[in-house]
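Student: Letter by letter, the chains look like this.
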Amino acid sequence: MPETDQRTATRSGPGRLLIAVYAIFALAACARSGVQIAAHFGRAPLAYALSAVAAVVYVVATVCLARGSRTSRRVAVVSCAVELVGVLAVGTASVLAPSAFPDATVWSVFGKGYGFVPLVLPVLGLLWIRRTAMSTVDHSAG
Amino acid sequence: MIDALSTTLTWVSVAAAVWALVLVVAHRPPLPGRADGNAFLGLLGVIEVALLVQAVLGFIRLVTADHEVDGLQFGGYLLGALLILPLAVFWSFAERTRWGTAVLVVGALVVPVMIVRLNQIWDARA
Numbered sequence: 001m002p003e004t005d006q007r008t009a010t011r012s013g014p015g016r017l018l019i020a021v022y023a024i025f026a027l028a029a030c031a032r033s034g035v036q037i038a039a040h041f042g043r044a045p046l047a048y049a050l051s052a053v054a055a056v057v058y059v060v061a062t063v064c065l066a067r068g069s070r071t072s073r074r075v076a077v078v079s080c081a082v083e084l085v086g087v088l089a090v091g092t093a094s095v096l097a098p099s100a101f102p103d104a105t106v107w108s109v110f111g112k113g114y115g116f117v118p119l120v121l122p123v124l125g126l127l128w129i130r131r132t133a134m135s136t137v138d139h140s141a142g
Numbered sequence: 001m002i003d004a005l006s007t008t009l010t011w012v013s014v015a016a017a018v019w020a021l022v023l024v025v026a027h028r029p030p031l032p033g034r035a036d037g038n039a040f041l042g043l044l045g046v047i048e049v050a051l052l053v054q055a056v057l058g059f060i061r062l063v064t065a066d067h068e069v070d071g072l073q074f075g076g077y078l079l080g081a082l083l084i085l086p087l088a089v090f091w092s093f094a095e096r097t098r099w100g101t102a103v104l105v106v107g108a109l110v111v112p113v114m115i116v117r118l119n120q121i122w123d124a125r126a
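Residue numbers (this note's numbering), protein chains in the order written: chain A, 1 to 142; chain B, 1 to 126.
In short, the hints are calculated from the structure, not lab data. We put the beta carbon where it would ideally sit given N, CA and C, even for glycine. There could be a bad hint or two in this list.
[Unchecked claim] Where chain B lies over chain A, by a calculated footprint (3+ residues, C-beta under 8 Å): (1) 15-21; (2) 24-31; (3) 34-48.
Whole structure, please, built from the sequences with the hints as guidance.
Tutor: Below is the structure:
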């Protein structure tokens, strides 16, 4: 019964759409940080390093949500949490000290450049992992 | 020439997204082999070919540009746009539910967003 299998639960139903949006952000964040670091890292090292961290976190979250094994789910929880802390911390910092961020990151001003999706995504990710954990039987235990 | 292509691509992609949204509401995944499914997938195929043409024209335009353009970003968006629809179709087809079809709505909407960014990068004086 695929519906009750925890391994596939995170990538079915709403999870399929969630992972698709995650994948878009993984692609966007990787491309953005790759261009920033390759072209002019010296201009804003802090912002560009944070862009790279964001890119890695999105890739890890996408892959782990798609895999859905016990370990993947734990890693996904951690990466969604890091994402939420990141978007809140970088968002606040970019509002309070804009001079520290001469060039934008995905998380600047709480993800304003991306329609605030970066702020909503980790919350949806965490809720989704929790919901699938509650409504499924774990066949991979033992 | 490329501007007309980009504008057309933008609106055709939005139309494809609306179509996909109708399929979500109607609970009718675009299955290949059914007439409406073939028509929808054919439209995505046409968009993908047009994106490929846009990429070729874009790179020609980049090397013959009369002003400074951030080539790395511009090229990245030209090539990145080619990945979106094939990945969206692949991911969507693994689950023929409303949620699977909704992936196509998102995929079709990312294309116009990328074209808008392309134009912004082109117009930005570096």
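Student: Are the hints correct? Go through all of them and say.
Tutor: For each hint, the structure was consulted:
| no. | hint | in the structure |
| --- | --- | --- |
| 1 | 15-21 | holds (count 6) |
| 2 | 24-31 | holds (count 3) |
| 3 | 34-48 | holds (count 4) |
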